[in-house]
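Whole structure, please, built from the sequences with the hints as guidance.
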Amino acid sequence: MMTPTLFDVAANTGLLPIGDTYDPFKASDNIKFDFHNKSYSKYILENQKDDDEVSAEEHVAFLTLWLSQHVFCTQSLQVAKKYIPMAIQLHECQQFSFARLLLGCLYESMRDACEHIKKKGDGSTFLGDGPFWLLQLWLNATFPSELDLFLPEQFYAESSARQVEGTRLARLVPRIRGLSYDAVFQQYFNTFLNLKEFKLSFSPFLDRSLGPH
Numbered sequence: 006m007m008t009p010t011l012f013d014v015a016a017n018t019g020l021l022p023i024g025d026t027y028d029p030f031k032a033s034d035n036i037k038f039d040f041h042n043k044s045y046s047k048y049i050l051e052n053q054k055d056d057d058e059v060s061a062e063e064h065v066a067f068l069t070l071w072l073s074q075h076v077f078c079t080q081s082l083q084v085a086k087k088y089i090p091m092a093i094q095l096h097e098c099q100q101f102s103f104a105r106l107l108l109g110c111l112y113e114s115m116r117d118a119c120e121h122i123k124k125k126g127d128g129s130t131f132l133g134d135g136p137f138w139l140l141q142l143w144l145n146a147t148f149p150s151e152l153d154l155f156l157p158e159q160f161y162a163e164s165s166a167r168q169v170e171g172t173r174l175a176r177l178v179p180r181i182r183g184l185s186y187d188a189v190f191q192q193y194f195n196t197f198l199n200l201k202e203f204k205l206s207f208s209p210f211l212d213r214s215l216g217p218h
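So for the sequence shown, our numbering puts the first residue at 6; every next one is plus one.
Capping the alpha-carbon separation at 20 Å, the derived lysine to aspartate or glutamate pairs in DMTMM-like fashion look like this:
(1) K87 - E62
(2) K86 - E97
(3) K86 - D34
(4) K201 - D153
(5) K123 - D187
(6) K37 - D56
(7) K43 - E62
(8) K87 - D39
(9) K37 - E51
(10) K87 - E51
(11) K87 - E113
(12) K86 - D39
If you are wondering where the hints come from, they were derived from the structure by calculation, not from laboratory data.
Listed below in structure tokens is the structure:
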């Protein structure tokens, strides 16, 4: 069975695969932060300041938005208060295994998506949530030839200067553009259905030179 691992997370994001388990109760009481508006736009208006220097509260506000919208990708498309303790710990440079947490959330999200598909066989719309961008990076890294992906020329310089693999992988695009979601799903399904044997190219980070050491 092939699946994303902590090794892939480390190579794609630069996050260390080791460390303590995240504990929200370890957030200090030095910073008091709360908010009323959960929608992204109203949240930003509520927490933006005019001061030249960024305060601790403003930094925590930014991290909470970043975690909700760009890292864990909440289903409600709103800022989640459950990420405030994590934002405080990140602000205070507390160490925990972000890579393990991220990978665990991805597997939870995939499980939830599978459960929904099993229960709802009527073709109804399903709004998935979670760090599926991490799964896409893994797919791009592991099956670039099978999915017919390439790197556009305008990203060559950026890719050459990259410090983590995810910088290049996020820029890969399919040669055939404009396909419908159904057509893309069929392409991916047929690709995996035709995989008969393991190839060394399916372990792209075996001799990696980027990421944490």
